[in-house]
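Peer 1: Residue numbers (the numbering used here): 5 to 608.
Derived from the structure by calculation, the hints contain no laboratory data. Treat the hints with care, as some may be off.
[Stated by the list, open to error] Derived lysine to aspartate or glutamate pairs resembling EDC-like cross-links, with alpha carbons at most 16 angstroms apart:
no.: 1; residue 1: K358; residue 2: D389
no.: 2; residue 1: K311; residue 2: D74
no.: 3; residue 1: K190; residue 2: D258
[Unchecked claim] Beta-carbon label-pair distances, calculated as ranges:
no.: 4; residue 1: L568; residue 2: N535; range: 31 to 41 angstroms
no.: 5; residue 1: E229; residue 2: R519; range: 40 to 50 angstroms
no.: 6; residue 1: T355; residue 2: T167; range: 48 to 58 angstroms
no.: 7; residue 1: K50; residue 2: G579; range: 46 to 56 angstroms
no.: 8; residue 1: M260; residue 2: N478; range: 51 to 61 angstroms
no.: 9; residue 1: N535; residue 2: K426; range: 30 to 40 angstroms
no.: 10; residue 1: Q220; residue 2: D258; range: 43 to 53 angstroms
no.: 11; residue 1: T553; residue 2: S261; range: 56 to 66 angstroms
no.: 12; residue 1: D338; residue 2: D258; range: 34 to 44 angstroms
no.: 13; residue 1: V349; residue 2: N25; range: 22 to 32 angstroms
no.: 14; residue 1: K281; residue 2: R576; range: 36 to 46 angstroms
All C-beta atoms in this analysis are idealised placements derived from N, C-alpha and C, irrespective of residue type, glycine included.
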Amino acid sequence: MKLLLLYDNSFVLENLANYLNAQKIPYTKTNSRNIDNIKDIIKEKKITNIICDCKISYGKNIFSTSFIEDKLDVNIKNNLYFPLLLANMCNADDIHFTYIGDGCIFKRAATGELTDLNVSAHSIVNNYCEKILTNTRDVLYLRFRYPIVGNFDPRCYITKLSTFNKILNTDNSISVLPELFPIIIKMVENKNIGIFNMFDKTPLNSIDLLLNYKYQVDSNTIIKELDQSEHDALIGERSNIIMDTLLLDQFCKDNMSTKTQNTDINDIFTDMKTTCKELKHCLCCMNDNNTLLNLGYQPLANDFHMKNIISKTYPLRLMYCNKCFHCQLSHSVDPSILFKNYKYVSGTSQTGLKFFKDNAEFIHKYKKKPGKILDIACNDGSQLDFFKELGWETYGIDPAENICPIAREKGHDVICDFWNDKCADKLPIMDVITAQNVFAHTPYIDKFLQSCKKVMDENTSLFIQTSQRDMIINGEFDTTYHEHISFYNTKSMNILTKRNGLVLNRVLEHSIHGRSYIFEIKLTKDENIYNVDEHLEIENNLGLYNEMTYDKFKLNAERSINHLKFEIEKHRNNGYKCVGFGAAAKGQTLICYGGIDLEYIIDE
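Produce the complete structure using the sequences and hints provided.
Peer 2: Have a look at this one:
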């Protein structure tokens, strides 16, 4: 089989491509809508089978069919004319053609096999596409509805449900994609034709599905039920139905090792939890958290890619503790996703280099003589460079496989891994440990500190630098992104260090990263330089330990984003285009939170 996948923005085929990659099944991919170009690909690659999902239902950042309703030409051209043209070509050239169809073009009460939902331009065009394709051409037509995978893609039905204000308590036929991909490949290999309902054998209830999501993935999910009268008034005839899977079951019985295809939905939630773990309690004092600001589902801040690729998204919700007033995210993305191929190189920032130089000179003067320095998350070794110039023995830890070699080439002793006990066991006792803007990146803060203790003695100083010191007071909500899990204050750090048998000895400040704290932590207290009580009083006077401050923060964020959207829309209505200058992480948070669409972004 020589397989061609033809799609541009297909949730089903994107995930099928991932499955093929994992199974090492070769295929060719194109998003061309030009028949001559497709013929050239077929000839060059000797294609025998095509799987196509060329439908256009959604727009950029619009994940409902409302996008297509007023675009009749786009709708007919892409959702009717092109599939028919492609099917004709395949039939003429003896190429097996599979079309990814829409299983949501039926009335709620329908029990038969005929498409009959005609409430929108989208449903009408898809209706006739299915009828013409399956009645006049040899086509394998696969119906999918409400597809589910184990991630937070905005096109995933579970993710959609979690964003709705209210949902209808109803059973639905659902396409659980991971279980279907082996079946699709077998059908394509067999060159089957006809219509198959590609749904899970057991219908899923929307309320039950969301309850499972709440208790397994995100405990902050709010569930409100839409009654039938509200549903009919707001939505009308739609596709909340149960459809039979008789043909699919028979195919599986005849061709697959398992007779029925019925996935345990818990496997889907397990996949979600594996890539994005919920942090249910305050990391510092273990108190319950409160929602401060829900920024929705967002891509990673530095996830830049080719134009036709859609980023994976994850929940981004800022929480706060009303006991120690620590702020943290509700979920932690798997660190290997975030940092194994990290794009940020610290040596490219002149501001960062100046800070590293000042920091090395300050510590060198404080310790009075060179010693052993460990930099956790050393990146390209820029901080260690300045210590090396002062005569220190330099050690580093960093998980970024693409950056560690740079630090090693400079003569630093670097372990490529996440900081843990295994790393600590390989190292001598240190005079100084630095952790520059990394402690806030880990959810495993107790393990982090315990590993540090293994390379500390009574003379060792651990300097932890945390960014965005004034985030809450200044209303800097756009500095919230997945890499920064925690936002520390003196109170939360003091409680955390005591819990781990350490002493917060001194609190320093620096202007870098939106003003930073630098916490000096030791095994024993040094009365000569202890200043923690002073900083606790400063933070209290600022209102940092007052819940009203956090309400103000939330209201300011909502007001700011609404004002920005109003200004952008006002200028667009006057004929202006809106572009971005500088692809900063905080800019990504801002435009994703506000659903702001830019023409383009310029960054050097």
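Peer 1: Report the numbers of all earlier hints that the structure fails to satisfy, in ascending order.
Peer 2: Those not satisfied are hints 2, 6, 10.
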